[in-house]
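Using the sequences and the hints given, assemble the complete structure.
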Amino acid sequence: MRRAAWSSALFQIGGVVTALLLTTVVLIASKAPPFAAFANIILGSVGTWNNFSQVLVSWVPLLLSTAGLLITFAVGMWNIGIEGQITLGGIFTTWALRLLQTSGWNPTLIIALAIAAGVVGGALWAMLAGALKTFGGVNEIFGGLGLNFVAMAINLWLIFGPWKRPGIASMSGTVPFPQALWLPTVNPQSSLSLAAVVIAVVSILVVFALIQGTYFGLRMKAVGRNPRAAHLLGIPTWQYMMASFALCGVFAGLAGAVQVTSVYHRLIPAISSGYGYLGLMVAMLVNYQAAWAAPVALFFAAVNVGSIQLPIVLRLDSSLGGVLQDTLVLFVLLGQGFRRFFQKRTGDEQ
Amino acid sequence: MQVELRDIHKHFGKVHANAGISLDIPAGSIQGILGENGAGKSTLMKILAGALHPDSGAILLDGTSVAIHAPANAIKHGVGMLHQDPLDFPPMKVLDNFILGHEGGLFSERRSAARSLKELAAQFDFLLDPQTYVDSLTVGERQQLEILRLLWLGARVLILDEPTTGISLPQKEKLFATLKKLAAEGKTIIFVSHKLEDVEFLCNRIAVLRQGELVGVAEPPYETHRLVEMMFGREVSAGARTPAAPGETVLSLAAISLSHSRLDLRDVSLEVRTGEVIGLAGMEGSGQSILLGACAGLLHPTAGAIDFRGRNLAGRSHHAFRRSGAAYLPAARLEEGLIPGLTLTDHFILSEGLSGLFIDRRKSIRLAEERIELFDIKGRPESTVESLSGGNQQRLLLALLRSPLSLILLEHPTRGLDIESTMYVWSRLKQRCSQGAAILFISSDLDEILRYSDRLLVFFSGRVSPPLSTEEVTVEQLGRLIGGKGWERFDAEAVHA
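In order, the protein sequences belong to chains A and Y.
As numbered in the working numbering, residues 1143 to 1492 make up the first sequence, in order.
As numbered in the working numbering, residues 56 to 552 make up the second sequence, in order.
I should point out that these hints are in silico values taken from the structure, not numbers from a laboratory.
Just so you know, even glycine gets a beta-carbon here, dropped at the ideal spot from N, CA and C.
Each hint should be verified, as a subset may be incorrect.
Pulled from the structure, derived: some chain Y residues nowhere near chain A, Cβ distances all over 10 Å [said to hold, decoys possible]:
id	residue
1	Lys69
2	Leu325
3	Ser458
4	Val530
Some chain A residues near chain Y, calculated using beta-carbon distances under 10 Å [what the hints assert, rightly or not]:
id	residue
5	Ala1351
6	Gly1355
7	Asn1429
This is the structure:
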């Protein structure tokens, strides 16, 4: 058992090292100094408090998406539709804010209601993907992908149609909400909200407890690993699948709500910003274990933010961060595959 | 073409599936291969058709030793196999299926292929439209297509695995006529079946396999009882069977009809009473698992009523049956019964339906330890189920049964288990019976059926015999019924009733 853990760690580290090497090769090929580039990513993310607060800002929606995805992965589902669920969260939050901003109610209450609306929006959109899967036999990957495009279209229609800025519709989104309806930030220049960080941290803790410690989580895992046996053991399988989609939608909706209330203060076309897809990668990289989600999501957020200044300082494209993230996922997964292959071979020899 | 098999051996793990089989099949003959499930028929045929490699032994075709590496290689040597489930591509057209597997250039010569298909079909009086899609054909027609395809590819030895399953009587007659014609042309036909009547009617010679060995070769005129004896030939001890004193009716099937994967069961009626054990005998795929599934709510009848403890549950889900006290143990333990990756403790939590928010670890581990000790399972509460041996997995499944239960349904309860585990499983099941449960089980092991059941049902191609008392049935009768003979007497009885 100990040996298995060691060999697993060894293969993981091997994956990380290979990913770094490959990124270095890419850098050398594009005639950039590799060490300067890595140093820039590190300094750009944790070099100053301001940069690090940016990292936390992008950590929040990423961690929320990952939290949600860990639930759908537990029942063996690939909820690719999470991007659309984040978008619907943003739309519902904006909708609630627009309705209530002139009501004269307590701003804190309005913000809370708006976030709750986002949660409902995300959950409903997720349940649509879940219903397509459970009742229509549509693979959740294709259903989710389709619903992502629909969500994007609804979002654009709202921004350029009913919710357009007076005078001229714009890619920069709807009219910003008054400052009273923003989630309070740590200082006026930053969009880092302590409340948002707390929401994200509490969410991942809840998901961890749900999967590791509850009867509900155990039954979800049972459905994910062997639906037929779970059915014979008396577990209502389709209800658990639907519930896992709804729960994932709750966290995706939260991510959308946080983006609207604390980062952009309005609805923008790219409200989900790819955090859903990035969340899929984080979930894969942590091998669907909730315990590692927070640090790995933080690392991904740091790489995202750190590579922003690459174009300015080194005239490199900022997509280098993406190269690093993607090769990392690829090689760590490959490492796991190799480990299983070798274990199987040595197992056969015994 | 003359086929000679010389001392073929094949092991699968501990199982000696073919133990030194030698068989000569002269050209132009129809050779029957007879044997019960697991006798080694399919293994031997797959070796000849190149789908499996023998551990040792030789294959001689027309006197020359050949090494057959793959099915595509076999057809080059003139050996073609018709599988029980036709290996075709239903969403494609008849002609496309016909051309598949043919070696050719980049562009297939559709026109000449279509001509060959038509000529061949005319020769055997098959009506196949090259332009229809295969999924609209019947099983019999798909079989005809496959035969033509193999002949076109140059097959001189044709192996047919259970070809009369799922086809109509006229199609069967046409198939037999075709096979006789092919044999007359000098082709060698190998006909694998468990249906005594078909084999006796068609074949020039019959080889019987049992437990991986060739037990004998028979020539016409055949004596059915000799064949049955060779197929099942072993002493069946009635043993320590303690007939239960049956109590009230638990489950009653009233003229139910079932339909699933090419099989139709019609008007099956059965009363199951507390404390009794009913065995379901027959070749695999004769309808036993369909009936067992219906008793568990896993399959819904198209007609009739299923009365379980006073309520009609026909059309209700498995969970409704479960709540009323039924349990179903599938044959594929790790694939269908247990959840890989979860521990023994997890399984006990799930099966007991413990509820609340947070898992009570201490309580559940204690529960697991108790059951592990009670059922003598070699494993720890934190072991995953896939780390257990087959026998221990079956013990775990028994340990997962709740109490009280009124009906236990089992598919092959002791398949793959050693003698000790087998005895243990049945002692536990008998104990359940004495506590008021009724048991229905499927087994392909006649010993097991005769030893443990109070009554039994025999299945043959979707036909279900009336319940027979184990006391009054002999092994030979049972063997004949499983092979599809002696069913007339039930028709006569039905007329009287």
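Against the structure, the hints:
1. Lys69: holds (15 Å)
2. Leu325: holds (22 Å)
3. Ser458: holds (14 Å)
4. Val530: holds (33 Å)
5. Ala1351: holds (8 Å)
6. Gly1355: holds (5 Å)
7. Asn1429: Status violated, d = 12 Å.
Against the hints set out earlier in the document, a violation occurs for number 7 only.
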